[in-house]
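Peer 1: If you want the building blocks of each chain, they are given just below.
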Amino acid sequence: MNKRYLVAGLLIIGIAAALVNGIRVQKKTVKKTQAVQTLNQRSRGPERAPIQIVEFSDYECGACKKAETALEELHQAYPGKIRVIFKHYPLPSHPWSKLAHAAAECAALSGKFWEYHGLLYAHQEIWTKTFNPLDPLMRYAVQAGLNVDSFSACLTSPETQERIAADQHEGELQKIHATPTFFLNGTRLVGPLELKERGKRLIDSILASIASSSKTRKPS
Amino acid sequence: MKPFLWLVVRIYLGSIFIYTGFSKLMLPMEEFRALLVQYALIPSFSVSVIALILPWIEFLTGIFLVLGYWPRISAFVSAVLCLSFVILLGSEVALKGKFPADCGCFGTGFIRLEVPHVFFMDILNFFLSLRLVFLKDHFLSLDSWLRNPKPSGPGQS
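From first to last, the protein sequence lines are chains A and B.
Under the numbering used here, the first residue of the first sequence is numbered 1, with each subsequent residue one higher.
Under the numbering used here, the first residue of the second sequence is numbered 1, with each subsequent residue one higher.
I should point out that these hints are in silico values taken from the structure, not numbers from a laboratory.
For glycine and all other residues, C-beta sits at the position ideal for the given N, C-alpha and C.
Certain hints may be false.
[What the hints assert, rightly or not] Listed below are the simulated DSS-like cross-link pairs for lysine-lysine, each with C-alpha atoms no more than 25 Å apart in a straight line: (1) 66(A) x 2(B); (2) 96(B) x 196(A); (3) 66(A) x 175(A).
[As the list claims (entries may be wrong)] Calculated from the model, a selection of chain B residues having no Cβ within reach of chain A, i.e. all distances over 12 Å: (4) 3; (5) 7; (6) 9; (7) 18; (8) 29; (9) 34; (10) 37; (11) 60; (12) 63; (13) 94; (14) 123; (15) 146.
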């Protein structure tokens, strides 16, 4: 091969790689772990659990519903070891999603977030296909034992929208493009399949490393 | 006139690959991996490797095509990529009866195309790439300059 060819090729590849990496570094505004450190009312599991999962989800997305089953399986497989922190990430392509997230946020104010959250996913096929999802959302509020008056007032309150927008903004900074996206102790997992397969392997390795480090710390 | 036409084709193909490769490189790798997982034809063990390598191959192939560096080899890689995409999308239709909702072809940039449009564009791009493979001389290419660093005129196919 001609020496000039080689030099030109290496130069092109070098400049391209430097350009891509330069832009990538510039765009990295949020550290991976930042989402994990943020606490909110939408969490379940022990606060000091060794496995912290931050979930960015959309109530109208089918994959998010599937991921709920995967999350539940992980909870059952590792009792007391996992803490899940939920973040609102309604996608603009889903017309009723924002309203459903507002409803869940209002349920969170009464300490009924996870009950309502479960109802939204369980009946996803119903409320997403109606012309007016407000009726089923109110029914679920009654089912979850929420005060209907304060719930409906909360639905339209700007504070509710602000809290959802704050989660969305955090998701955008984390460059989330697909739901559900999880951060398992800072490691990004996208989709239910990744959570189920790679998530389980990650949890096993984290718990194993914790167990081995605690063993070495014990006095002989 | 013909050499100019093929120059335009080369730049068109190169620009597409630069765009698709760059937009994927700007995404977290996991995002692209999650899109690849949906394809039945891709073995699960290779998903991570493909997600890591494919955007770079697309990006560099695009740059090589635009600059005309190894244009015939780059066009061959482009043809292979286009054919793979056609097979991949076609297999989804054959196995599942429909195209995937998001093929992951254009990353998350400003270009939004429906998956069937991407499928037909890939078929077109495959034939265009194939034509470039058989073109002996590439007008205004780095390749012709590297072979002979004197100014050269339009070439012949």
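Peer 1: Under the constraints set out in the numbered hints, which ones does this structure not fulfil?
Peer 2: Numbers 1, 7, 8, 9, 10, 11, 12 and 15 - these are the hints that the structure violates, sorted from lowest upward.
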